[in-house]
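> For the sequence shown, the working numbering assigns the number 52 to the initial residue and increments by one for each residue that follows.
In case anyone wonders, no lab produced these hints; they're calculated from the structure.
Errors might be hidden in some of the hints.
The following label-pair restraints were derived from C-beta to C-beta distances [said to hold, decoys possible]:
1) ALA147 to THR93: 49 to 55 Å
2) PRO91 to ALA147: 43 to 49 Å
3) LEU97 to GLY144: 48 to 54 Å
4) ARG111 to ILE161: 23 to 29 Å
5) VAL82 to LEU167: 40 to 46 Å
6) ASP85 to LEU167: 18 to 24 Å
7) TRP119 to GLY144: 34 to 40 Å
8) LEU167 to LEU102: 21 to 27 Å
9) THR128 to ARG171: 24 to 30 Å
10) TYR107 to LEU169: 23 to 29 Å
11) ASN112 to LEU167: 27 to 33 Å
Even for Gly, the Cβ is constructed at its ideal location relative to N, Cα and C.
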Amino acid sequence: MDWQSGLWLTALAICGIFTTVLGVAHFFFRVLLDFVTAIPRTGPPLKPFRLGPIRYPTKRNDVYGIAWVMNHAASYTLVSIGIVDLTAVAWLGSIAGMIILLWISGWWFIRAASQLYLGRRAGDWWILAGFAWLGLVHLGAALWSR
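Turn these sequences into a full structure, and let the hints steer you where they fit.
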């Protein structure tokens, strides 16, 4: 293994540890972000969900439930990405590895840009930068491994 491979493997291991921990933390975001208070179960009726010919009466439990579903989906994806990063020694430098790295990079860039939906406070910009850095690490490893 040359020093460049070692550098990318180390960077991906750091990303993998962080991502796995973040993925596990996401399972608890419903408590950490106080979903129960943030998404009240009582109140005025919500507009029905409309998508083309589909009409579905939306209840507050639907909104609460989708927040759970999305956090669990994010958790699963994050833990999966973390495990993939931690096993990079087995696939770094392969064509499949490059494709996986490009996909992960795109995922992190989407996540970085999406941070602005939460706000534009200083912390939001730092979080955006951190997620963009994760995207750049994966993009760099993909380009290096081609």
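> Against each hint, give a clear statement of whether it holds in the structure.
Hints, one by one, checked against the model:
no., hint, in the structure
1, ALA147 to THR93: 49 to 55 Å, "holds (50 Å)"
2, PRO91 to ALA147: 43 to 49 Å, "holds (46 Å)"
3, LEU97 to GLY144: 48 to 54 Å, "holds (51 Å)"
4, ARG111 to ILE161: 23 to 29 Å, "holds (28 Å)"
5, VAL82 to LEU167: 40 to 46 Å, "violated (25 Å)"
6, ASP85 to LEU167: 18 to 24 Å, "holds (22 Å)"
7, TRP119 to GLY144: 34 to 40 Å, "holds (39 Å)"
8, LEU167 to LEU102: 21 to 27 Å, "holds (25 Å)"
9, THR128 to ARG171: 24 to 30 Å, "holds (25 Å)"
10, TYR107 to LEU169: 23 to 29 Å, "holds (27 Å)"
11, ASN112 to LEU167: 27 to 33 Å, "holds (28 Å)"
Hint check: a violation occurs at hint 5 only; the rest are consistent with the structure.
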